[in-house]
Amino acid sequence: MKQMPKMLVILFAISALAFAHHGLAAFDQTTTITVKGTVTEFHFINPHCVVEFEVKDDKGNVQKWQGEMTSPAHLKGWTATSLEAGNVVTVSGYRAKSGAPYMWVTKLSSSNGVELKSFSGN
Amino acid sequence: MRLAPVCFRAVAFLILPFLAFAQAEPGIPVTNPIVLAKCAGCHPVDAHGNMQRLSWERATPEAWEEALKRMIRANQVTLTPPEAREIIRYLSARHGLAPQETKPVMYYAERRIQDENGVANETLLDVCAKCHHIARVLSWRRSADDWKRFAAAHAEQYKFKPNDEAVALLCKAAPLQTPEWTSWSQRKELPDLTGRWLLTAHVLGRGLFYGEMEVRAGQNDGDFSTSVILHSVADGSTLTRTGHSVVYAGHEWRGRSKGANPAGSAPDDLSSETREVMSVSSEGSLIEGRWFWGHYQEFGFDVRMQRALNGPTLLAIDRRAMKIGSEANRIRLIGDSFPSSIQTNDLTVASGISVRRIVSSTAHEIVAEMDVAKEAAPGKRDLSFRSSTLPNALVIYDRVDYLKVTPESAMAAFGDESSPRGFQQFEAIGYQRGPDNRMHTADDVELGPLDATWSMEVFYETDSANSGLVGQVSSTGFFTPAPQSPNANYDVWVVATSKNEMKKDGKPLVGKAYVVVTIPSYTFNGRKYVRELDRWVEEGQ
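Those protein sequence lines, which keep their order, are chains A and B. With the working numbering, letter number 41 in the first sequence gets 41, and the count goes up by one each step, no holes. When you read off a place in the second sequence, starting at 1, and then add 1000, the result is the number in the working numbering.
Treat the hints as calculated values from the structure; they're not laboratory data. Glycine included, C-beta positions come from ideal geometry on N, C-alpha and C. Treat the hints with care, since some could be wrong.
Said to hold, decoys possible - Chain A side only, calculated, beta carbon under 8 Å to chain B, not exhaustive:
no.: 1; residue: Gly23
no.: 2; residue: Ala25
no.: 3; residue: Asn46
no.: 4; residue: Ser98
no.: 5; residue: Ala100
To be verified - As a list, the in silico DSBU-like pairs of lysine-lysine whose alpha-carbon atoms are at most 35 Å apart:
no.: 6; chain 1: A; residue 1: Lys76; chain 2: A; residue 2: Lys64
no.: 7; chain 1: B; residue 1: Lys1130; chain 2: A; residue 2: Lys97
no.: 8; chain 1: B; residue 1: Lys1507; chain 2: A; residue 2: Lys117
To be verified - Have a look at the derived ranges for each label pair, beta carbon to beta carbon:
no.: 9; chain 1: A; residue 1: Thr31; chain 2: B; residue 2: Asn1466; range: 23 to 33 Å
no.: 10; chain 1: B; residue 1: Arg1332; chain 2: A; residue 2: Gly23; range: 45 to 55 Å
no.: 11; chain 1: A; residue 1: Lys97; chain 2: B; residue 2: Lys1374; range: 15 to 25 Å
no.: 12; chain 1: B; residue 1: Pro1483; chain 2: A; residue 2: Ala85; range: 32 to 42 Å
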């Protein structure tokens, strides 16, 4: 079959396997950043799972971050409760080029023992 | 030199019916004269009446329709519309799917958004769902030989390496011969669907509707004309619709209907012409499915119809959730043939709920007030009017634990000169954490819609200043993409903030839906994706 760009297959289904719908062009893949924060929400949904967490700086100011991950189908063994509000997470990945507090997650560890060891694709 | 191919063709023509498509499994003989006349030129018939390929295949009406279109497109088959209808009708009936086989893939025919994980084996998803809904593949049943031939032809046409494991899985998951089909195809009498049906329907953003459908016999067996009257529980407005339908294989309802008043310019106008895709229960007393419209079928009625009975029938209630310790909760019970005099003891509710009084009643509606005991346990409760029961109709809850925006994953599309925009309606639904005391688990209890304010956030944006370039969400949760396509896809959160329900910290409950707003159409390697057909076509077709 002719190979179609992955972003196109979204048109066919909300099939999680077929829902890797964008590349990582919006992220600065030359630099990996790591931030630590407290989970406020975890969205275990298609097309991409997203963890929302709050990061405190040295002065106590809170910044709201979002970490985007692969689809639920690719997060083997994960469920909607793998991350819950209050979990402390250390998240590594590529920050959005726009400068927004948003990242593509390549690695995550949580105080509840959940880990995403390494994931660079989408 | 020129004789050889001619001779080969002649010999092949003579022996093909007997040898070339010999199959290990018994086929389904084809007897319809139009199918024989139109298809046997390329699909020869053997001595047992088996037609090459077709006798070893079964499929849904949509799959047969698509196959017929492919034959017309690729093989220059010429058919009049009545001939095409007759062929689809015959193949769907004699080479169709049993209700149990159709049920797992009905979401595809009903054009619902569906996460397909779990619908099939991972290998099948990996091989087939790269390009198709897996439901499209599983809308077919084939003999093992036919799956192999199909896979080989598919691999040849689309230039990929056949996957033997996937073919073996398909042979097992979707075989020609099944006990379900054997049993269903041997039914002698189909239920008579004519008469009066009671109907409830839910429309995203519009709430519950109730009413009735009159089903009348059409000119042919399995043809029906319909007229519907629907009342909105939310605002009391009335809709009337008329239509036609065909029931294939005794259970697959396919129809079209439209409102009595011409549809206006609003894309979600409820008078719009809809396609009706529903399933008739095996005993013929229940019909369920979806009536849909829109550029990619994003609008729809979720419909449930039950045959009208002689006695009182409870159909639905206008709200299902009541808080522990609350008093005088006013509930509207929607139904049919309620008697003129109603007493509180005509209603039966399970432990923890008492009926305080009947406020009013008509033949179609009872308004009752109910109290919930302070010591009542959270959970679902049945509600009955005399012998008519709605299982798990009421929910007793202690607090709204979270808000979910539905659909949680969705699509919308920018438009251009050739493609209209694709829209999406959202609802904010409250949930209680359920018996396990944990949120976002399978036992969570849906409490119903919540009043919410709506907003949107564009992924990766530093502020919301540019969100207008992507679209806007209305105060009722209706997302409209921007009129100009920015020629790029955008990921967007559609955010609902509860007006009345708060978290433990006093902040309002917030829920989000992940929406992908796509460009109008895709072209790749000379093939264009046609959204309304849900498939790729060669450019220029």
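I'd like to know which numbered hints this structure contradicts. Please list them from smallest to largest.
Those not satisfied are hints 1, 2, 11.
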